[in-house]
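Fit chain V to the known structure of chain R by using the hints.
2 protein chains.
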Amino acid sequence: MSKENPGWRGAPPVEGAARDELALFTDLYELTMLQAYFDEGMMEDAVFSLFVRRLPARRNFLLSCGLDTVLGYLESLYFSDDDIAYLRSLDKFSERFLAWLRDLRFTGEVRAVPEGTPMFANEPILEVAASLPQAQLVETFVMNQIHLQTVLASKAQRLVTAAQGRPVIDFGPRRMHGIDAALKAARAFYIGGVAATSNVLAGKRYGVPVAGTMAHSYIQAHNDETAAFAAFARRYPGTVLLVDTYDTMAGVHKVVELAKTLGENFRIHAVRLDSGDLLTLSREARDVFDAAGLNRIDIFASGGLDEDAIADLVAADAPINGFGVGTAMGVSSDAPALDIAYKLTEYAGRGRLKLSSGKPVLPGSKQIFRAEKDGQDVGDTIARATEDGPGRPLLVPVMRDGKRLPAGRVDLEAIRHHAQAQIARLPVPVRQITAADPIYPVTVSAQLARFQRDIEQEIDG
Amino acid sequence: MSKENPGWRGAPPVEGAARDELALFTDLYELTMLQAYFDEGMMEDAVFSLFVRRLPARRNFLLSCGLDTVLGYLESLYFSDDDIAYLRSLDKFSERFLAWLRDLRFTGEVRAVPEGTPMFANEPILEVAASLPQAQLVETFVMNQIHLQTVLASKAQRLVTAAQGRPVIDFGPRRMHGIDAALKAARAFYIGGVAATSNVLAGKRYGVPVAGTMAHSYIQAHNDETAAFAAFARRYPGTVLLVDTYDTMAGVHKVVELAKTLGENFRIHAVRLDSGDLLTLSREARDVFDAAGLNRIDIFASGGLDEDAIADLVAADAPINGFGVGTAMGVSSDAPALDIAYKLTEYAGRGRLKLSSGKPVLPGSKQIFRAEKDGQDVGDTIARATEDGPGRPLLVPVMRDGKRLPAGRVDLEAIRHHAQAQIARLPVPVRQITAADPIYPVTVSAQLARFQRDIEQEIDG
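Listed in order, the protein sequences are those of chains R and V. Numbering follows numbering that gives the first Met the number 0, with no gaps: position 185 of the first sequence is 184. Numbering follows numbering that gives the first Met the number 0, with no gaps: position 190 of the second sequence is 189.
No wet-lab data here; the hints were simulated from the structure. In this text, all values refer to a predicted model and were calculated from it rather than measured experimentally. Treat the hints with care, as some may be off.
In silico negatives: residues of chain V with every beta carbon more than 12 Å from chain R [said to hold, decoys possible]: (1) Met32; (2) Tyr77; (3) Asn198; (4) Leu272; (5) Leu404; (6) Ser444.
Distance ranges between label pairs, derived from CB positions [what the hints assert, rightly or not]: (7) V/Asp102 / R/Pro392: 55 to 61 Å; (8) R/Ser79 / V/Arg53: 43 to 49 Å; (9) V/Ala315 / R/Gln431: 38 to 44 Å; (10) V/Ala98 / R/Glu256: 31 to 37 Å; (11) V/Ala448 / R/Asp333: 33 to 39 Å; (12) R/Gln431 / V/Lys259: 58 to 64 Å; (13) V/Arg233 / R/Gly374: 56 to 62 Å; (14) R/Tyr77 / V/Arg53: 44 to 50 Å; (15) R/Gln431 / V/Asp316: 43 to 49 Å; (16) R/Arg399 / V/Ala290: 51 to 57 Å; (17) V/Arg266 / R/Gly348: 47 to 53 Å; (18) V/Leu97 / R/Gly164: 33 to 39 Å; (19) R/Ala226 / V/Gln456: 18 to 24 Å.
Partner residues are not named here, just some residues of chain V that face chain R (Cβ under 7 Å, in silico) [to be verified]: (20) Phe37; (21) Tyr85; (22) His146; (23) Met213; (24) Thr326; (25) Ser355.
Glycine included, C-beta positions come from ideal geometry on N, C-alpha and C.
Extracted from the complex, chain R is given alone in its bound form:
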């Protein structure tokens, strides 16, 4: 527990695999390259930069997420005897190398933008500076987690934007890609502005608020829908009743009947619509409730919703007070993957890049400067780390000598607040769920551009 940030919980002890198995969560080529570096004595310092090459269609920015997980991994990275035994069985590694690997720990430096920072194409989300083998080895895990969590936080922010202040609840665990994704999602969604999750383990692990209503099976298991409503309402005053199991409007009328029967004891908070034409049904249900004097019953909607469906409902002024969102948010259906890269930009004091078609790399350690005018962000400059730039620098040291610095220990509420505040500073068109025109301006500094040209010429020469 950090003294500076008493709410910080640290990375959890398990991350999709027991913590002590994670060293092997790597691509085989990382280990064969490590052995080659070891044999060739290539142990000097390297810098790797993690960035997204292009934003997905219709996206104006991404919301960075996943740093806490990465730092937790780096702090505890090691190969167990069991791992070494498996590697030995592959018949690719020398005993000298395996002995060295057994003792390897991450002792490098990480600079990163805080979680919950809006990011644009080619901007480094984090940079790892460490001996070449250390910085190389961690590629797979670092990319996997920053990618996943950034995909999810970025998507969630779009649904929250579309809902214009109505709460969005995460109902996605059943269709997300595995346990790790569903856990990290609840945290990433909360950073993106989602109000609560249905995922109980995520609630326990991260302290995210948990919420839920009832399933169709509960209604079906009773021989009578009204009896099911009555039993659940008695057990859970202030609950939400699911009304679409058989016929939505008939279900709504049964809720009204229940209100009459229970009188003062009727304390239902809301009904949930989960299928059909949500606009029409929400209006009809609202009319029925209002006519019965049940103005205080809220209407909650779910069922295949994405940001466009929510925006349409909001634009049509649908009387819906909150949204439950599952699959579209849970797998980021319009953009389930980002063109993310983790690239060597410096080795042994020399800038490095590649020239592969369509995949350029900006060399060296970098900084992003975000310029503002009248409290609004107006443009970014990607510069060399040693430059002074126009605006505030976004990358800060979060780990040194393999240990977290205070900026690497931020509690979840603070990250959520940071995200909302940073998003609010973006130009209005950039904050929308439709493509901004013009896009947010990001330029490369003259110094960095010159450095890039110099190295290209070195390679060509």
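Frame of chain R; chain V shown alone:
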């Protein structure tokens, strides 16, 4: 270890969270419903059926996957004291209920199709028969894992089909959705016909072959591309050299020079192309190698490949000997989610369904019969479990009294063989990556249709 299936490894001890935390991997409403069932004394037997309502666009079938994980979870499901303490903190649960939950174990029955079975819309992949609370509680985990692994196995099978015998290698861990997804993927892909994975932990855990080449960073870290090739080739005879870091064809020529320099000691297996126009580059590289007498050097391609890109390359007769596939397979980019459902179909001896718009449920325990003609599958019938049907039944008991039966312990090689054999029995158009017309015929038996109508009338009445 099962005597019947000596190669079976059992579900691993961790699954995206420590095994002993998984009971809380559930939607909150499962637990509130459980408490309501408990209070109402609704403890009779229930049947839940898991199926996919619709196939994604362009998909002719799905490949079932994930059963082993589900059975491992059901065998070991329990709430720890720590879990109970967290639930208590939510202030929603009675001490009586929590004490009961603390002792809950899964003691029910599971019937399922074997992993690696081609499946169609509305066909049950598995059915859980247990006391209502037990069968309800497991919904979130069961759906999450069958969904994830079926999504991935189904996608992999398409890439393997497109590659027409050329090996497909999984390079996806860095962009898959989390650690759990990347681990389960390697296993699911192997079932779908993928040859190997880059994921070392998956290799250790599941025994899937591991493979890899080299990254751009290895080339970049050397001051000279030829020196990098020479060093790696010396260390790893039979390796694959990545030639596109700076200029692909220049890289190819450097490999030829290296062959001349090393003479008999040159034992490179292949080069990898990772960017640019793979068709043109592969032809040019092939020509250069052949002209230099290096006919035995293979060409391996990667970089944003999906099944369509591979099919195009194969159709154009590109001289490519194998494919490395990452993101498109790893997140199933064209269909990252399925319309999967886990629905109550029977409670207390009575068939159950729902009538929600567009989301019908077939009541009761069911069986799928797959009919064949001349060694080819020609059509399925979804029937009541008690019926005899035309063809072989697909659902078999895999768990009874909470314990696995022999059919629930199948080793990975056997599952992979089963999948390939079952796919080979499908009609040729159904096996293709383009939409079959007509689609594979699936009908509901007369008895099941009558049963469904009877229950609908009961509800309407």
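(message) Output the indices of the hints that this structure fails to meet, ascending.
(response) Hints 1, 3, 4, 17 and 20 are the ones this structure does not satisfy, whereas the remaining hints hold.
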